[in-house]
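Engineer: Spelled out from the first residue to the last, the chains are:
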Amino acid sequence: MERRKVPVVVFVGQPNCGKSTLFNSIAGPKAETSNFPGTSIKHTHSRVNIEGRLLDIVDLPGTYSLCPSDPAERVALFHLYSEKPDLVINVADASVLGRNLELTLELLELGYPMVVALNMVDIAERKGVLVDSDALGRALGVPVVPTIAAHGRGVKELLDEVFAVLDRGQKPRPLPWSSAVDDKIVEMERNLPDDFALVSNRRFTAVKLLETGGMACGEFLGEIDPGLKVSVLRVRKELEELRGMPAYEVIAAERHHLAMKLLEDSSRLLRGKQTTWDIKVDAVLMHPVAGYLIMAVVFLAFFLIIFKVGGPLEDLFLGPFLRLKDVLAVHMGKGLLYYLAEGLLQGIGGGVAIVLPYFVPLLILMSALEDLGYLARAGFLLDTFLHRIGLHGKSISPFILGFGCNVPAVMATRILESERDRILTSLLIPFIPCSARTTIILALVAFYLGPFWALGFYVANIIVVALLGLAISRVMKEPSPGLILEIPSLKWPSLGSVLEKTWLQLRGFISFAWPILVAGSVLLSILTYIRADGVINDVLSPLVVKGLGLPHDLGVTLIFGFLRKELSLIMMLQALGVNYRSLLSAITREQIVVFTVFVSFFIPCLSTFAILWKEIGRKWALVSAGLSVSVAIVLSWLVRLVI
Amino acid sequence: MTLLEAPANTPLRIKDFLGGEGVRRRLLALGFHRDDIVTLDSRALFKGPILVWNLTSSTKVALGRGVAQKIIVEPDHGAT
Numbered sequence: 000m001e002r003r004k005v006p007v008v009v010f011v012g013q014p015n016c017g018k019s020t021l022f023n024s025i026a027g028p029k030a031e032t033s034n035f036p037g038t039s040i041k042h043t044h045s046r047v048n049i050e051g052r053l054l055d056i057v058d059l060p061g062t063y064s065l066c067p068s069d070p071a072e073r074v075a076l077f078h079l080y081s082e083k084p085d086l087v088i089n090v091a092d093a094s095v096l097g098r099n100l101e102l103t104l105e106l107l108e109l110g111y112p113m114v115v116a117l118n119m120v121d122i123a124e125r126k127g128v129l130v131d132s133d134a135l136g137r138a139l140g141v142p143v144v145p146t147i148a149a150h151g152r153g154v155k156e157l158l159d160e161v162f163a164v165l166d167r168g169q170k171p172r173p174l175p176w177s178s179a180v181d182d183k184i185v186e187m188e189r190n191l192p193d194d195f196a197l198v199s200n201r202r203f204t205a206v207k208l209l210e211t212g213g214m215a216c217g218e219f220l221g222e223i224d225p226g227l228k229v230s231v232l233r234v235r236k237e238l239e240e241l242r243g244m245p246a247y248e249v250i251a252a253e254r255h256h257l258a259m260k261l262l263e264d265s266s267r268l269l270r271g272k273q274t275t276w277d278i279k280v281d282a283v284l285m286h287p288v289a290g291y292l293i294m295a296v297v298f299l300a301f302f303l304i305i306f307k308v309g310g311p312l313e314d315l316f317l318g319p320f321l322r323l324k325d326v327l328a329v330h331m332g333k334g335l336l337y338y339l340a341e342g343l344l345q346g347i348g349g350g351v352a353i354v355l356p357y358f359v360p361l362l363i364l365m366s367a368l369e370d371l372g373y374l375a376r377a378g379f380l381l382d383t384f385l386h387r388i389g390l391h392g393k394s395i396s397p398f399i400l401g402f403g404c405n406v407p408a409v410m411a412t413r414i415l416e417s418e419r420d421r422i423l424t425s426l427l428i429p430f431i432p433c434s435a436r437t438t439i440i441l442a443l444v445a446f447y448l449g450p451f452w453a454l455g456f457y458v459a460n461i462i463v464v465a466l467l468g469l470a471i472s473r474v475m476k477e478p479s480p481g482l483i484l485e486i487p488s489l490k491w492p493s494l495g496s497v498l499e500k501t502w503l504q505l506r507g508f509i510s511f512a513w514p515i516l517v518a519g520s521v522l523l524s525i526l527t528y529i530r531a532d533g534v535i536n537d538v539l540s541p542l543v544v545k546g547l548g549l550p551h552d553l554g555v556t557l558i559f560g561f562l563r564k565e566l567s568l569i570m571m572l573q574a575l576g577v578n579y580r581s582l583l584s585a586i587t588r589e590q591i592v593v594f595t596v597f598v599s600f601f602i603p604c605l606s607t608f609a610i611l612w613k614e615i616g617r618k619w620a621l622v623s624a625g626l627s628v629s630v631a632i633v634l635s636w637l638v639r640l641v642i
Numbered sequence: 000m001t002l003l004e005a006p007a008n009t010p011l012r013i014k015d016f017l018g019g020e021g022v023r024r025r026l027l028a029l030g031f032h033r034d035d036i037v038t039l040d041s042r043a044l045f046k047g048p049i050l051v052w053n054l055t056s057s058t059k060v061a062l063g064r065g066v067a068q069k070i071i072v073e074p075d076h077g078a079t
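Respectively, the protein sequence lines represent chains U and Z.
For the record, in the first sequence the residue sitting at position 93 is 92 according to numbering that gives the first Met the number 0, with numbers rising by one throughout.
For the record, in the second sequence the residue sitting at position 40 is 39 according to numbering that gives the first Met the number 0, with numbers rising by one throughout.
The set of hints was computed from the structure by calculation and includes no laboratory data.
Do not rely on the hints blindly, as some may be mistaken.
[Stated by the list, open to error] Distance condition first, Cα-Cα at most 30 Å in a straight line; then the derived DSS-like pairs of lysine-lysine:
hint, chain 1, residue 1, chain 2, residue 2
1, Z, 69, U, 260
2, U, 155, U, 490
3, U, 613, U, 476
4, Z, 46, U, 279
5, U, 476, Z, 69
6, U, 236, U, 260
7, U, 476, U, 83
8, Z, 46, U, 170
9, U, 170, U, 4
10, U, 236, Z, 46
11, Z, 14, U, 260
12, Z, 69, U, 279
13, U, 236, Z, 14
14, U, 490, Z, 46
Fair warning: this is a prediction, and the values are worked out from it, not measured in the lab.
From just these sequences and the hints, can you work out the full model?
Structural biologist: Okay, here's the thing in structure tokens:
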């Protein structure tokens, strides 16, 4: 193997094992997030200097095994196989060690130099499990270092071992399976052609050929020549006959038994102490009645905090931008330059002053709830309802994110296993009122009609989302595989981990959405400058005036508002030529409701459209836009008829 | 019987998995194997998912009813 100057170290671990927390505590805030080539799936990487030695560290998405089952896992493993890292840090959750060791055993088969970070030993102890890391290390043949990533404990020892293993260049060896199964693996190895594109080594390649079948792994094991295909099928059949279950289960059972044996030999159970605390708390949190009450309180508090924090911040940030605009108007006149500057300023202002104040608190609270383990529990409780609209509990975190901003919400649908669920969730997200639209609802409906109208508006909005889900899932029948959701142990979130997570997500959002926000805003200013707004208002007047009964001047705000949705309220005031307090002199309360309904359900913003295009493709992005347009028109028209 | 019909709070032994390869692999990956001992913890409201404790791999997993129907269990009398 060629020696690179800076060793590449990859973090691999099962979901919820604290891998990213450990990674972040080593990588620091400089870590960069980038897409895997040709995909939108992200990995985080950083070049770190540890006591004078450089390392390139890479955090891959969590994966249960080296046979991927969702697109994120597939891409992550492809990266792991093709990149050939110098070392793998396998992060294993000590509190679920049996299952985590199955991945560890698979990584031993893969055969890259490896160190195991035995993480969350504190939670394991709380559950009554004491793991002897030295004994485990001897049995596995690789160093095992106990860590508590959330408190930064064991990180230094881990890095010492990493450098020691790198210096030795020591490769691990797979642990032996039962001889009957092992014979079949050896036979498969022998049948591999000499020029076959191996993944790491012959044995690993042979096992993966047998184990993966029609599933995704087969794809990157290269074109299987007909002779090889015959022998793969034959050996698979022999394994099946040997144990009376499919070949992949035979192999999984081998690892499972080994893992259980390792666990037994290296850990001690403190019976009396076991899990009483966790069981009691969970019995309440997931109780069929109390659980829902607690959830209602949690989410109510969640949104209250966000708006209590966001509201004052918005006023604080928005003021200077508006004043700067007035200053510009005085000094620059009404030329093209002014319009460009105004567009730029409003774009940046909208992003800074309206999106951030609500979005940052939401991200922080959301990360805290996730680290605590509460989101998975909410997913369990809400699965029933999501099931009715053709989805299940896992869609809950994209939906909650959607209340902050639709863009990261659409990105978050990647955690869903089936493509159909991803598309359905992504189609529904644009109907969730994000912070920008909530600002409009609060400023218009709550202020001019009363808080109960605003609450009703929210409830109606959720009902619309549910009905749409119902309707779309009628068309997209293909049943989703059903909920299989791990409920991780409850644990206190660490502030550092929450802030780092928030920062990474925020940076992703800023780099994707802000340029689009600013571009849309500038485009709108240019339209105003060339006086296209008058023409557009005239063209739209049959819809706006006749259909919806709104003032003629609001046409541009309604339709092109999606270029600058976060500033719809300000655009509306400008179009009507009034200020906020005197709004009722230009428009009635009923018109305010119709306007808000239209703005809430219409295409959320250019950034959301762009991210939909990127994530689920052009066809579905256009379907989504079409849906938004029709729902907005139909609903606001209905509302006009009713009130 | 299937896991869906099984009584709550009693040790159950997994006998078999029904259903397609996708679901079986997913269950395997999340630590469900034949001969594992599980207990049914609680049910959500209105025919919601069920919460399963896998005592063998000490994991807690929420399973949709469709998935739970694909797991065949029997009461476990031995002390494992």
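Engineer: Taking the hints in turn, state whether each one holds.
Structural biologist: Here is what the structure says about each hint:
Simply put, residue 69(Z) and residue 260(U) have alpha-carbon atoms about 28 Å apart, close enough for the 30 Å limit, and the pair holds. Between residue 155(U) and residue 490(U), the direct Cα distance comes to roughly 23 Å. Compliance with the 30 Å bound is thereby established for this hinted pair. Between the alpha carbons of residue 613(U) and residue 476(U) the distance comes to roughly 24 Å, so the proposed pair stays at or under 30 Å and holds. Under the criterion of a C-alpha separation no larger than 30 Å, the hint pairing residue 46(Z) with residue 279(U) is consistent with the structure, at around 23 Å.
In summary, the hint linking residue 476(U) to residue 69(Z) is supported, as the alpha carbons are separated by about 20 Å, within the 30 Å threshold. Between residue 236(U) and residue 260(U) the CA atoms are separated by roughly 27 Å; this keeps the pair inside 30 Å, and the hint holds. Between residue 476(U) and residue 83(U) the alpha-carbon distance is near 41 Å, which puts this suggested pair outside the 30 Å criterion. Restraint check: the Cα-Cα separation between residue 46(Z) and residue 170(U) comes to about 50 Å, which exceeds 30 Å; the hinted pair is violated.
For the hint pairing residue 170(U) with residue 4(U), the CA-to-CA distance comes to about 19 Å; that is within 30 Å, so the pair holds. Between residue 236(U) and residue 46(Z) the alpha-carbon distance is near 39 Å, which puts this suggested pair outside the 30 Å criterion. Pair hint residue 14(Z) plus residue 260(U) holds up; C-alpha atoms about 21 Å apart against a cutoff of 30 Å. With a CA separation close to 29 Å, the supplied pair residue 69(Z) and residue 279(U) stays within the 30 Å bound.
As the CA atoms of residue 236(U) and residue 14(Z) are separated by approximately 21 Å, the hinted pair is consistent with the 30 Å bound. For the hint linking residue 490(U) to residue 46(Z), the alpha-carbon distance of about 29 Å falls within 30 Å, and the restraint holds.
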